[in-house]
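Chemist: As a plain string of letters, each chain reads:
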Amino acid sequence: MEHLVIIGNGIAGITTARNVRKMSDMKITVISAETEYFFSRTALMYIFMGHMKFEHTKPYEDWFWKKNKINLVYGKVVNVNTDSNLVCLQDGQCITYDKLVVATGSVSNKFGWPGQDLPGVQGLYSYQDLELLEENVKYTNHAVIIGGGLIGIELAEMLHTRGIIVTFVIRENLYWDNILPQEDAALVSRHILEHGIGLKSATNLKEILAGNNGRVCAITTDKGEKIECQFVGLTPGVSPNISLIKKTKIETNRGVLVNEYFETNIPNVYAAGDCVEIKATEEGERNRFEQLWYTGKMHGEVLAKTICGKRTKYERGIWFNSAKFLDLEYQTYGFVSNVKREGENNFYWVHNSGKHSINMVFKTDTRELVGINVFGIRMRQAVFENWIREKRTIEYILENLGEANFDPEFFKKYEEEIIAKFNEENPGSGLKLKTKKFNIKKFITKISV
Amino acid sequence: MKQLQIHPAKVYTHNPSLDVIKKIGLSFVGIGVLGFLVSLTNITKSNPFLFFLLSFGLVTLGALIFFLPQIKESPSGVKNNNIFFNSFTSRQAGGWTLGIIITGFYVLLYWFPETLTNWVRLVDPLSYWLRNKAADRWFLYGSFYTLAVLVMGTRMLIKKRHNKYQILRTLSVMFFQLGFAFLIPALLLRLNQPEHYFTYFWPLKYDYLFPYTVDSLIKSGGLGYFMVFWGIIMSFIATPVLSYFFGKRWYCSWVCGCGGLAETAGDPFRQLSDKSLKAWKIERWMIYSVLVFIVVTTVLVWLNFIYHGSLLGSLSSGFSKTYGFLIGAVFSGVIGVGFYPIMGNRVWCRFGCPMAAILGILQKKKSKFRITTNGSQCISCGNCSTYCEMGIDVRSYAQRQENIVRASCVGCGICAEVCPRGVLKLENDSADIRFNRNIS
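So the protein sequences, as listed, match chains A and B.
In case it helps, our numbering puts the first sequence at residues 54 to 502.
In case it helps, our numbering puts the second sequence at residues 3 to 442.
Chain A with its partners taken away, still in its complex shape (with noise of 0.2 Å):
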């Protein structure tokens, strides 16, 4: 029987291994030395709030690994070896495997900042960080975190809610305007503020100082300012995790280098997931990292078809993705560049509230929609993608928006003062709100058509 091995139970790793199972009866085997079992890593911030135990965020009981005779073992891998086909772990013992996938994720990012190694010191990615803070905060009253990214903002609310006054310092203007549109990006910082935290931006760290006790006591910044605080959260992002792959002739360059296939440079050696660069196909295109839960999941599900023979080429759909910052739900379909493209325009509606907006990017002459970003408002996703795939114009989706709103039932609607606002933006163009409710059965013969 062929044995299939995959170092790594996060999303990609474990999603390939359910996926391979529902096809084949190969052997199946996961290692990490991370945890036991799979959990959701996306709700390790829940964890710390109090909101689940660890045992809620398991997606699956832990029964199901044995009755889907998926092999769970519990360790460090130390060694691949590709020309012997051994995967090594720390305690002795190695593992044969006929087909093997690297799904080993990332780390977070240190720039080499004088410091950054003291205790107190960390990012937030596993659950062995998780476990640090619970330590490190013993000794917080005052936070820094440097990197306005998303796990940042969720390091920021964790701590926000043990009652830690918690600065937030960003190279940016406003919080992630390296991918937001600029009144996005103003929507929630605002939010950021009002919340109680501290937001220093368009700043640079320059130095984490210890104290007397060996432990973080200070940072200095590019602007002369010193911050005293007793923990620096790191989240100025994360990079593949290769230390384990860089030892072997799996070619890697900031990734696990793999084709669209996830296969490596060896033959039955795949990777998945945030640890793997994607090698651009064509010229003047760059390589690609997918750091998500959703690609990672993705990833998974086409490497899977691959492996049990079935060659399946990654394909992108529609890109999506979605975070809550604090209380503000956050949804993006198709692209949304944060600095306005040529060819393109936007329409940007909010509600005076500050707490629901709207900024949807089209194409100038078309008028077909690139993109949606939408904050307060849930969206419904199978409607954006079709309108996307089917280039519809903003003027068409405005007068049916109705039917791509996910929000709650009873919640108000703000279809109209869209509506209205795009009107007077463009005089003479008269819309009117046509498809108010979604509608199944007419989605269903409209997507099948």
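Hints in this document: simulated from the structure, not taken from any laboratory.
Built from N, CA and C at the ideal position, the CB exists for glycine as well.
Among these hints, one or two may not hold up.
Straight line, CA to CA, 30 Å or less: simulated BS3-like cross-link-like pairs of lysine-lysine [claimed, not checked]: (1) A:Lys279 to B:Lys12; (2) A:Lys444 to A:Lys490; (3) A:Lys106 to B:Lys74; (4) A:Lys253 to B:Lys81.
Label pairs and their computed distance ranges (CB to CB) [stated by the list, open to error]: (5) B:Asn430 to A:Asp144: 54 to 64 Å; (6) A:Ser292 to B:Leu279: 31 to 41 Å; (7) B:Arg402 to A:Asp275: 43 to 53 Å; (8) A:Glu184 to B:Arg402: 26 to 36 Å; (9) B:Lys166 to A:Thr419: 33 to 43 Å; (10) B:Thr99 to A:Asn257: 47 to 57 Å; (11) A:Asn266 to B:Val109: 53 to 63 Å; (12) A:Lys485 to B:Gln94: 55 to 65 Å; (13) A:Lys487 to B:Tyr214: 57 to 67 Å; (14) A:Tyr180 to B:Ser89: 16 to 26 Å; (15) B:Lys166 to A:Ile319: 50 to 60 Å; (16) A:Arg420 to B:Lys166: 28 to 38 Å; (17) B:Arg402 to A:Asn132: 33 to 43 Å.
Given the coordinates of chain A, assemble chain B onto it according to the supplied hints.
Modeler: Just chain B now, kept in the frame of chain A:
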């Protein structure tokens, strides 16, 4: 580079005076609890109304003073912070203590009512004012129950002030409890009519369709006829029709008194329901067994009635007494509420309620209701499953991109609320395309 120039309208910083207000509120609750303890003695005889204020009054006032500052503490949103660190809400010492106290109260109420005589006296003035007669233990129980729904409902309104579905739903259960399960029955008594609860139907209120109830209602005259008619219409016509359009929730989380208590007083314990597959299996066995039990019992008592007790005399009364004791008292009361802090707030609704069983079958087989999963946006975090009071593993469906159509779902909407990615939505749409296996 220029510095940030963004000023929110309001900044929520830690406000120590709010903590002081909350502590004052808690102190009032504490003194009120002492008031209740003192009121167990004959001292209440001297001035029942005074002791009513010192017990019921202070606890209510204190609780409201404790809940209200939340509005000023932080912006509205999903705030489940520290729930699993709190001894009362995470099945630790506090939770067990509370469970024993509530369970103990039910045991006293059902089987040792004489121990509560002085508490009954506390609500005498209220009883005379409302019903023009002396209070009894059931009026005491009704007062406790209604007050719990109103006070904890207010807490719910504050906690969920960002969510209109939750606000309306909470107002609805508060309204039905206060109006239909407390004031109207009292008013009926005052008018010398049968005490009747228009929001409870067979088989939950099983004896409403028992022959002796029907008989005595009909004998009581015009309004009695209407009560029988109403009960039959609600049980056999309105239930399937409303369940078709709205799912089980029209009753379980909007109208029902048991549901009302669970959704208000029980809200702090919803995360304690067991989500395992094993619990689901037990649930299905138990709830349908109870349904069969009450159907058989009802048939037997009617047969016995028709044959004037000549045929099944002791058998049917045996069935009905056993059901009344085991299910009516022990399960729905003692375990159903007493075990809130141990097994979650819907123990009775999930494992025992025969009305929920019928509504569940209707919801599963023929209804427009479902919880829609929004594409592939689930991050498997588990908030939905954790906060499902019915112990449904919502995540297992959401992460497969399947809609949730489950007999037990009461449509409380909390899964959709706590989802950090906007993946879940309760809705009524075409009944024949519900499972979302057609579109990805």
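Chemist: Okay, which hints does this one fail, numbers in order?
Modeler: none
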